[in-house]
Structures are given as structure tokens and as C-alpha cells.
Amino acid sequence: MNRSDDAGAGSARFSRRSTLASIALLPLVSQAGCGSDDQNGAATPPPEPTLEERYEAALDAFINAFNRKDVDAALAFFSESAVLTVNANRVLTGQEAIRGFLVEYGASAEGGALSRARLADEGSYFTGDGIFLFARISFAKRTEISGFAVTPFTYPIDVAMMSKLDGDARCVECEVILNWGALLPSPIF
Amino acid sequence: MPIDDAERERRRRLMNAHVGAENAHDIQAIMATFAENTVNRFDSTVFASHDEIAQGHRSFGMDATQPGAIENLYFTVDKEYFTEREVIVRGHMQGKHVGNLSGVVPPTNAEITMHFFTVYRFDADDKVAFERVVMNLSPLAKPE
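For the protein sequence lines, the chains are A and B, in the order given. In this text, residue positions in the first sequence follow the numbering used here: the first is 298, and each later residue adds one. In this text, residue positions in the second sequence follow the numbering used here: the first is 30, and each later residue adds one.
No wet-lab data here; the hints were simulated from the structure. Keep in mind that a hint or two might mislead.
Claimed, not checked - Cut-off 20 Å, straight-line C-alpha distance, at most; resulting in silico cross-link-like pairs (EDC-like, lysine to aspartate or glutamate):
| no. | chain 1 | residue 1 | chain 2 | residue 2 |
| --- | --- | --- | --- | --- |
| 1 | B | K171 | A | E441 |
| 2 | A | K461 | B | D107 |
| 3 | B | K108 | A | D426 |
| 4 | A | K461 | B | D152 |
| 5 | B | K108 | B | E38 |
| 6 | A | K461 | B | E140 |
| 7 | B | K108 | A | E441 |
Put together the whole structure using the sequences plus the hints.
Structure follows, in C-alpha cells:
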């Protein structure tokens, strides 16, 4: 099941929030005695979240951490030895290298090139061993970033990210494409 | 829900037919792969009709009857991933930037490579019902 928003046109056909809320509420339901009981009166444990639900929750946690400028929490999405490839030619290995990238693109309140950056989820797709995300980074203004000089205007950066996750729902091998065309003096987007 | 090998092969065949038509610069064949009410987005641009989709393909250079921005444009599929309903492609486009793209980007006459992810969903009639691309277009102005 995917949580895609077809072409960003507002036709979301699956609510991640409702799923995550369901996962979050499961212990509460159980504690309140609302779960089904077996013949001995013992409460049936809530079902374990599926791999897809765990991956979705991990991705959601990453996006939320990015948007509240908690780079340490955002970094938790990546394993210690994760490899992140940016636009095919920039390979970042390990959490510290990835931290620099996340900070540069606004996942921290300080030290980045984008001010008031926000990562908007535009749909995700479960692939069996990972999760794919369409997103946009919008921001108020910026300094030089990824070799692109400052421009007097800002346009959102379209993002696509494929994350292969491990059993702990942490990214071990990720690849992101960002449309840097939005950063050009004559933007192309 | 896992998909079976037959469905995987169906999507692979349809995706290759679509990309093959693009690489042949056969605009009629390209457009024949799209469903009537297809949803199509390229980076931030939503193409709302077949005419707009065709014009988008022409502007890049995927119509052999008229020049576009990229000469000898060619797509290569590097990786493919399968979801419950979609196929996701990681690939790259190559060609020589010889013309204006939509009147905005002047040509650099450089050989360029632009990397992308595309999600395709095909309907029961084997047509592209949904296509969304995120491509890094910066090499058009700043060849790597």
C-alpha cells in the first residue's frame, strides 16, 4: 500500500497519519481493556506493525525531525554506516557526512544554507526492502548551496529519495535526486 | 502485497515500450502509451492534457519531426524497483544541449547527463495512468 499523492494534485488515496495514529494507539487500546480476550480472559496482544508500517513510521519521523530542525533525530533515519548518494555524483558515507548534507539543506536551526526550510511529503511508496519518497524543500532565502550562487528569488526544490532500509527501519543505502535547476539564476523546474 | 513475476514482467515491458518510444523520438508512439486521463508531472510542472504532455516531450527533443532542446536525447534505465502498483525507475538522460528549452534555457552545446527518478503506474489497458519524474535539470545551464 502506498501513500502517494498523484502528481501532487491533492488526491491522496491513503492517509499515513491515520495509519501512524493506529500504530500509536494500539498500546492504549490494549491498556484500556478494549482488545479482544482469549478464553482465559487474557488480552490479545495488539498486532505487530507490518514492515511497511514500520518503514512508513521511520520516514515520517525523519520528515518531522527535519521540519522541527532536530538534525540528530533526522539522522536517526540513517544507520551508522549508511551511504547516501546525492544527484549521482556526491557519495556521503556514514552519519557524520550525512549530517553535513542535512544541515546544509535546512535540517538544523543553525549552520545551513537554507533558512526556514521545510520538507513537504508528496507521497511515498513501499518497495519491499525500502521506501521511496517524493518531496519538496521550500525555504525563505538561502546562501550559496551545492555550488550554486545566491539568487534574489527562491523556488522549491523537487526531491526524490529511494531508501533501502534494514530490519531496524534505518536507511543503509539511500539515493536522492534534487532538482538543482530550481537554484539556477534562470530557474528550471 | 508482493507482486508476482507476471505482473513484474508486464510493468517492465510497458515501461520499456514507453522509454523505447521516447528514445526513438516517435511522438505518436510516445503519446499512444498514455491513458486518456493520465496524470503527469515533471519536477514542478503538471501537464494537464495530452497536448501539454506532447509539447513537453517535443521541447526536450523527443519528436523526430522537429528539433528540441536536446539532440540525440537518450534515456537509460539504471535501476528499477517494484511497488504494489508501480514501477520506479532510476535512470539518466543524455544528449547535446543545442536548443532553448521552453524559451528559457539557452543552449550550451555541451553533452549533458541528467539523472532522474520516475514512478510509473499502468492501468488495466496497459496505458500509463500516472507518471511523475524528478530530474536534476541543472546540467542544462551548468554542465557537469
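Right, here's what the structure says about each hint:
{"no.": "1", "hint": "B/K171 x A/E441", "result": "15 Å, holds"}
{"no.": "2", "hint": "A/K461 x B/D107", "result": "16 Å, holds"}
{"no.": "3", "hint": "B/K108 x A/D426", "result": "14 Å, holds"}
{"no.": "4", "hint": "A/K461 x B/D152", "result": "27 Å, violated"}
{"no.": "5", "hint": "B/K108 x B/E38", "result": "15 Å, holds"}
{"no.": "6", "hint": "A/K461 x B/E140", "result": "32 Å, violated"}
{"no.": "7", "hint": "B/K108 x A/E441", "result": "32 Å, violated"}
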